[in-house]
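Q: Please build the complete structure, drawing on both the sequences and the hints.
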Amino acid sequence: GAGVSQSPSNKVTEKGKDVELRCDPISGHTALYWYRQSLGQGLEFLIYFQGNSAPDKSGLPSDRFSAERTGGSVSTLTIQRTQQEDSAVYLCASSPNRGSGTEAFFGQGTRLTVV
Amino acid sequence: GNSVTQMEGPVTLSEEAFLTINCTYTATGYPSLFWYVQYPGEGLQLLLKATKADDKGSNKGFEATYRKETTSFHLEKGSVQVSDSAVYFCALSEGNTDKLIFGTGTRLQVFP
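Heads up: the protein sequence lines correspond to chains A and B, in order.
Quick note on the working numbering: the first sequence kicks off at 15 and runs consecutively.
Quick note on the working numbering: the second sequence kicks off at 4 and runs consecutively.
Rather than coming from a laboratory, the hints here were simulated on the basis of the structure.
Each statement offered as a hint is correct.
On the chain B side, residues computed to face chain A include the following (Cβ under 7 Å):
no.: 1; residue: S35
no.: 2; residue: G46
no.: 3; residue: L47
no.: 4; residue: L49
no.: 5; residue: T54
no.: 6; residue: K102
no.: 7; residue: L103
no.: 8; residue: F105
no.: 9; residue: T107
no.: 10; residue: G108
Glycine included, every Cβ here is placed at the ideal spot set by N, Cα and C.
A: Written as structure tokens, this is what we have:
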């Protein structure tokens, strides 16, 4: 596709269950980001992948959160033992590797609701 | 660490009014600065950017000037329209990476 694709668009899960969120970046983009958008909290950085470098995981809020990027393309964000405070919109973005100043392209997000 | 601070919303204006949304940043080096916009029901998209001091980014009638001396990148528009109603995010990236740090967002509501 032409843009960043995220699935599912909506996910309702029970507290304590694990969830996986998927992101398909724009083809050829080497940088991939995950952000979390909570009501009143703005955009919270979670994790950043850049090419073959070790990911920047400094934004992951707890060890229940993990992410991987296979083959430098598709990424999966996994939340284990979900809690109600994990409810948010999870946004994925990608950009070409052109350094600072490069535009990031965002997906529509996955709205996660933990009940 | 790097951070972005922007004014809290909502900002409520009448059509054709002048808009300013303040944004200041903290960075150890020389970041690039961005404004992203999120229209209702749509994904985030780049509005404008500036990559070095004194640069002015502009798009759709919006402008922002990179002020190194005041570490600011305030967003302005001379005459807002109802269609400008959205959430606006100030952001920075630094060094050789594309890693973006965002502010908390400012909701703009424009009424006819």
